[in-house]
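Using the sequences and the hints given, assemble the complete structure.
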Amino acid sequence: MKSFSKMVYPYVVWAAVMIVVPMLMIVLYACTVKGNSVLTFQFTFDNFIRFFSDPVFPGVLWRSLKLAVITTLICIAVGYPTAYVMAKLKPNSQAVAVLLITLPMWINMLVRTYAWRGILSYIGMSGEAKVYVGMIYNFLPFMILQIYTSLSKIDPNLITAAHDLGANNTETFKRVILPLSLSGVVSGITLVFLPAVSSFFIPKLLGGGQYVLIGNLIEDYFISTGDWNFGSAISLIMALIILVSMYVTRKIDRYTAQEEDD
Amino acid sequence: MKTERILKAAVAAAAAISLAGCGQTSAGGTTEGVDAKEVYGCNVLNIYNWGEYVGEDVISNFEAAYNAKVNYDMFDSNETMYTKLMGGSSYDILVPSDYMIERLIKENMLQPLDKEALTNLGELDPEVVEMQKVYDPELMYSVPYFRGSVGIVYNRKTVDEKELEEKGWDILWDTKYDNKVFMYDSQRDSFMVAFKALGYSMNTENDDEIQAAYEWLKKVHNNVHPAYVTDEVIDAMAYPDANNPKDLAVVYSGDAAYIESINPDMGYFEPKQGTNIWSDGMVIPNNAGCPALANEFINFVLTYDSSYDNSITVGYTSSNLKVKEDIANGDYDGINAYLPRSNYEKDEVFRYNEVLVQKLSDLWNKVKID
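Top to bottom, those sequences are chains A and B.
Position in the first sequence (from 1) plus 10 gives the number in my numbering.
Position in the second sequence (from 1) plus 241 gives the number in my numbering.
Just to be clear, a hint being listed does not mean it is correct.
Heads up, simulated DSSO-like pairs for lysine-lysine below, C-alpha to C-alpha not over 30 Å straight-line [to be verified]: (1) 184/A - 261/A; (2) 513/B - 417/B; (3) 587/B - 513/B; (4) 607/B - 587/B; (5) 278/B - 325/B; (6) 398/B - 459/B; (7) 403/B - 76/A; (8) 44/A - 421/B; (9) 408/B - 421/B; (10) 76/A - 459/B; (11) 374/B - 421/B; (12) 44/A - 347/B; (13) 460/B - 398/B; (14) 421/B - 278/B; (15) 417/B - 587/B; (16) 310/B - 44/A; (17) 587/B - 459/B; (18) 347/B - 374/B; (19) 163/A - 98/A; (20) 587/B - 403/B; (21) 408/B - 459/B; (22) 76/A - 408/B; (23) 76/A - 607/B; (24) 374/B - 325/B; (25) 421/B - 76/A; (26) 607/B - 44/A; (27) 459/B - 417/B.
It should be emphasised that the hints constitute simulated quantities derived from the structure, not laboratory data.
Computed from a prediction, not measured in an experiment: that's the story for all the values here.
In structure tokens:
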């Protein structure tokens, strides 16, 4: 094994150059403003103060979080039963079901979202509802597949044992299947919530430009305004929120894992 | 539709490839056949232009005539172009708008053009050269490519032309048109509309005037709930959505000319309160890899054939005087958007002003956010 451990180095180098260095640059930009000809930049927290002192920006942040949370909840509500039914199918049918779920991903996300735009405006749906449909449609497969994987890994003997010990179907689900599948739900949340909170092209395409989210705001400050300092500050605030939510989901995951052991 | 244009482009590209194949065997045919590598020492040209902004055969004809290879990249806003250029990308030709050329000149990013190579400068429309003098006073760094204005595209069947004439930009906040309006999703263009509606200069730095413009835009936002779009407006007005047609849209003149040519119900109107007249120009940045060939390319674009191809494909007003007249009296006869208003005192050219951009960006986000 020891000889294989060296194979991790390319990734470490890659991650350092492509992820850590840019992150540090974002931190540097976020904590500075353009200086004068002697000092090219000055350290300050002005960018963060500017973000929180104007109700508009926290409002956008709140709206983005709300969109991501609701998208995630609906994905769980729709995805869990779907995954449960899939896991109960015959092995051959399961393979077909997985294929059907992944089938839309063969087509680029952007193209599919364009297609939704035509369909939804034909139906005559309003801006915000359109955004929700597009988000849930795009992220649902990730949730289903994660939950399905954890459900199909459950040893059927455990369920038989539960029945043997006198548990009815509801009881078995509540005390055996649900706790064992929670790890799938948690990784599903990670795969849906994190991209959802920072997504910007789905709201941009489907919201008709009437729906500003935190991702749009970052794009705006980097590209249209050219205010990289403020743009970086917003990105950093976003990154912190993502970090915190990852920490929380990890905690939940560990908590459930411990329960399983007990 | 866009797909139609893409198809056309694909056919043109296919034709170009087959033509290029023929050119190899029957060399020295109709074109004089310069070999760029021999004459200029390099034969690759990196061009960075707006999307949907070039004629179908201009690039392939140039490649054939100079035995050169063109790498053609596209941007969707001056700011995107600027950000990429600042990131260290190297291009031989850029086609930014007036205020961005002014900024690039100020920041010493451009090199002077080779006037001796530009033998076709005489073809330029004197009106567009007048506009060029605002941002490039010595006419040293740029050659005008297209020009245009910003106006309102309206549906002749649903909008009363008299009312439009009377109200001008202020028709955009009339509650009659609730959910019937497209605004352009760009702080520069939207604030221009507001400044002009209120009778101010669009290059103002006055805080009271900026605040008033913000309130004007907020009024539009609250009264008619406009959709903020960019290029989607072209297809949306040319082929209106049967369930949700829009009556009014803030549009660039060239896009309006295209819309009018597709959909005869649509008209183009430049309000009396004044508007933004703009031009885009070809420039050569300092870090160009092949400036001599770049000058040749600029000269090539100025020729009648290339200018005609550009203008007829894209719909914007040619800076080649003869092409402009021929198209205005020919294919685009009766399409008023092809000839934007000129010499009107209330029309202005946008100037580069970093302070104003910073002030407007927060406000523009506030307009769009409820």
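Evaluation of the provided hints:
At roughly 21 Å between alpha-carbon atoms, residue 184/A and residue 261/A fall within 30 Å of each other, so this suggested pair holds. A C-alpha spacing of about 21 Å is found between residue 513/B and residue 417/B, which places the hinted pair at or below 30 Å, so the restraint holds. Distance restraint check for residue 587/B and residue 513/B: the Cα-Cα separation of roughly 8 Å lies within the 30 Å cut-off, and the hinted pair is therefore satisfied. Taking the CA atoms of residue 607/B and residue 587/B, the gap is about 28 Å. The hint holds against a cut of 30 Å.
The suggested pairing of residue 278/B with residue 325/B holds, with an alpha-carbon distance near 28 Å, which does not exceed 30 Å. At most 30 Å may separate the alpha-carbon atoms for a hinted pair to count; residue 398/B and residue 459/B meet this at roughly 28 Å. Between residue 403/B and residue 76/A the CA atoms are separated by roughly 46 Å; this puts the pair beyond 30 Å, and the hint is violated. Distance hint between residue 44/A and residue 421/B is unfulfilled; the C-alpha atoms sit about 42 Å from each other, more than 30 Å.
Between residue 408/B and residue 421/B the alpha-carbon distance is near 17 Å, which keeps this suggested pair within the 30 Å criterion. A hinted pair counts as satisfied when its Cα atoms are at most 30 Å apart, and residue 76/A with residue 459/B qualifies at roughly 24 Å. Between the alpha carbons of residue 374/B and residue 421/B the distance comes to roughly 38 Å, so the proposed pair goes past 30 Å and is violated. Between residue 44/A and residue 347/B the alpha-carbon distance is near 18 Å, which keeps this suggested pair within the 30 Å criterion.
This hinted pair checks out: residue 460/B and residue 398/B have alpha carbons roughly 25 Å apart, not beyond 30 Å. Our distance criterion of 30 Å between C-alpha atoms is broken by residue 421/B and residue 278/B, whose separation comes to about 55 Å. Between the alpha carbons of residue 417/B and residue 587/B the distance comes to roughly 28 Å, so the proposed pair stays at or under 30 Å and holds. Pair hint residue 310/B plus residue 44/A does not hold up; C-alpha atoms about 40 Å apart against a cutoff of 30 Å.
Taking the CA atoms of residue 587/B and residue 459/B, the gap is near 24 Å; set against the 30 Å cutoff, the hint holds. Proximity of residue 347/B to residue 374/B is assessed by CA-CA distance (about 15 Å); at most 30 Å being required, the pair is judged to hold. Between the alpha carbons of residue 163/A and residue 98/A the distance comes to roughly 12 Å, so the proposed pair stays at or under 30 Å and holds. As the CA atoms of residue 587/B and residue 403/B are separated by approximately 20 Å, the hinted pair is consistent with the 30 Å bound.
The hinted pair formed by residue 408/B and residue 459/B meets the criterion: a straight-line CA distance of about 18 Å does not exceed 30 Å. Among the hinted pairs, residue 76/A with residue 408/B is inconsistent with the structure: their alpha-carbon atoms are about 40 Å apart, more than 30 Å. For the hint linking residue 76/A to residue 607/B, the alpha-carbon distance of about 19 Å falls within 30 Å, and the restraint holds. Distance restraint check for residue 374/B and residue 325/B: the Cα-Cα separation of roughly 26 Å lies within the 30 Å cut-off, and the hinted pair is therefore satisfied.
At roughly 29 Å between alpha-carbon atoms, residue 421/B and residue 76/A fall within 30 Å of each other, so this suggested pair holds. Our distance criterion of 30 Å between C-alpha atoms is met by residue 607/B and residue 44/A, whose separation comes to about 24 Å. Taking the CA atoms of residue 459/B and residue 417/B, the gap is about 17 Å. The hint holds against a cut of 30 Å.
The structure fails to meet hints 7, 8, 11, 14, 16 and 22 from the earlier list, while all remaining hints are met.
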